[in-house]
Amino acid sequence: MKKIFIFILAFLMSFNTICSLPVFANTINGGTTTEYTFYDDGSYMVTRITEEPNAITTRSSSTTTKSKISSYYSNNNVELWYVKVTGTFTYNGTSSKCTDSRVTAASYSSAWKISNKSASKSGSSATAKATANFYVGSRIEKTINKSVTLTCSAKGTFS
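According to mature numbering (1 follows the signal peptide of the UniProt record, and there is no 0), the sequence shown holds residues -25 to -1, 1 to 134 in order.
It should be emphasised that the hints constitute simulated quantities derived from the structure, not laboratory data. There may be inaccurate statements among the hints.
[Said to hold, decoys possible] Have a look at the derived ranges for each label pair, beta carbon to beta carbon: (1) Asn50 x Ala129: 39 to 49 Å; (2) Ser85 x Ser128: 35 to 45 Å; (3) Ser113 x Ser134: 38 to 48 Å; (4) Lys117 x Thr69: 40 to 50 Å; (5) Thr69 x Ile115: 41 to 51 Å; (6) Tyr110 x Glu26: 30 to 40 Å; (7) Gly98 x Thr9: 18 to 28 Å; (8) Ala129 x Thr9: 15 to 25 Å; (9) Lys130 x Tyr83: 31 to 41 Å; (10) Arg114 x Ser70: 48 to 58 Å; (11) Ser49 x Thr79: 17 to 27 Å.
[As the list claims (entries may be wrong)] Calculated lysine-lysine pairs in the DSBU-like style (CA-CA distance at most 30 Å, straight line): (12) Lys59 x Lys130; (13) Lys72 x Lys130; (14) Lys121 x Lys59; (15) Lys88 x Lys104; (16) Lys121 x Lys104; (17) Lys92 x Lys117; (18) Lys96 x Lys130; (19) Lys92 x Lys59; (20) Lys130 x Lys104; (21) Lys72 x Lys96; (22) Lys121 x Lys72; (23) Lys104 x Lys117; (24) Lys96 x Lys121; (25) Lys117 x Lys88; (26) Lys104 x Lys59; (27) Lys88 x Lys59; (28) Lys92 x Lys72; (29) Lys121 x Lys88; (30) Lys117 x Lys59; (31) Lys59 x Lys72; (32) Lys72 x Lys104; (33) Lys92 x Lys104; (34) Lys96 x Lys117; (35) Lys92 x Lys121; (36) Lys59 x Lys96.
None of these values were measured; they are calculated from a predicted model. For every residue, glycine included, the Cβ atom is placed at its ideal position computed from N, Cα and C.
Work the whole structure out from these sequences, hints included.
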């Protein structure tokens, strides 16, 4: 599987005309999807859902906390920054509700700065937003506004 992914990634990165195009998604861990988005300069974004260690299940309903994280990588496969939404959800088979939403965003590179972080919730969704700016000296060369939304179905399926 790794060899196939590396081949596909290398093939897609050879085209410099691809611009912010979701290329494919890979389903892992009981339905969790990892999505890859490639940019025209060879950089790419990896988005995945992770489980937080506090799921509470009763006979009639469940409460769980999950996160969805989008990590931005350079064309040299170095992680530069990320935006993560963490949401707490309740669901019972017929409905679901987001009860809490939090944002975490940070940069691993001194050239990238994160600003305008915010989190919101609406119905059965939690959303985090942040702006990543790439600086050359004191001048902004590139800006990426990233929004990450995590949604819970009535039966506890996350997307």
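The hints, checked one at a time:
no. : hint                        : in the structure
1   : Asn50 x Ala129: 39 to 49 Å  : 41 Å, holds
2   : Ser85 x Ser128: 35 to 45 Å  : 41 Å, holds
3   : Ser113 x Ser134: 38 to 48 Å : 40 Å, holds
4   : Lys117 x Thr69: 40 to 50 Å  : 45 Å, holds
5   : Thr69 x Ile115: 41 to 51 Å  : 48 Å, holds
6   : Tyr110 x Glu26: 30 to 40 Å  : 35 Å, holds
7   : Gly98 x Thr9: 18 to 28 Å    : 25 Å, holds
8   : Ala129 x Thr9: 15 to 25 Å   : 24 Å, holds
9   : Lys130 x Tyr83: 31 to 41 Å  : 36 Å, holds
10  : Arg114 x Ser70: 48 to 58 Å  : 49 Å, holds
11  : Ser49 x Thr79: 17 to 27 Å   : 21 Å, holds
12  : Lys59 x Lys130              : 23 Å, holds
13  : Lys72 x Lys130              : 11 Å, holds
14  : Lys121 x Lys59              : 10 Å, holds
15  : Lys88 x Lys104              : 14 Å, holds
16  : Lys121 x Lys104             : 6 Å, holds
17  : Lys92 x Lys117              : 17 Å, holds
18  : Lys96 x Lys130              : 19 Å, holds
19  : Lys92 x Lys59               : 10 Å, holds
20  : Lys130 x Lys104             : 26 Å, holds
21  : Lys72 x Lys96               : 9 Å, holds
22  : Lys121 x Lys72              : 23 Å, holds
23  : Lys104 x Lys117             : 17 Å, holds
24  : Lys96 x Lys121              : 16 Å, holds
25  : Lys117 x Lys88              : 11 Å, holds
26  : Lys104 x Lys59              : 9 Å, holds
27  : Lys88 x Lys59               : 15 Å, holds
28  : Lys92 x Lys72               : 23 Å, holds
29  : Lys121 x Lys88              : 13 Å, holds
30  : Lys117 x Lys59              : 20 Å, holds
31  : Lys59 x Lys72               : 19 Å, holds
32  : Lys72 x Lys104              : 20 Å, holds
33  : Lys92 x Lys104              : 6 Å, holds
34  : Lys96 x Lys117              : 28 Å, holds
35  : Lys92 x Lys121              : 10 Å, holds
36  : Lys59 x Lys96               : 14 Å, holds
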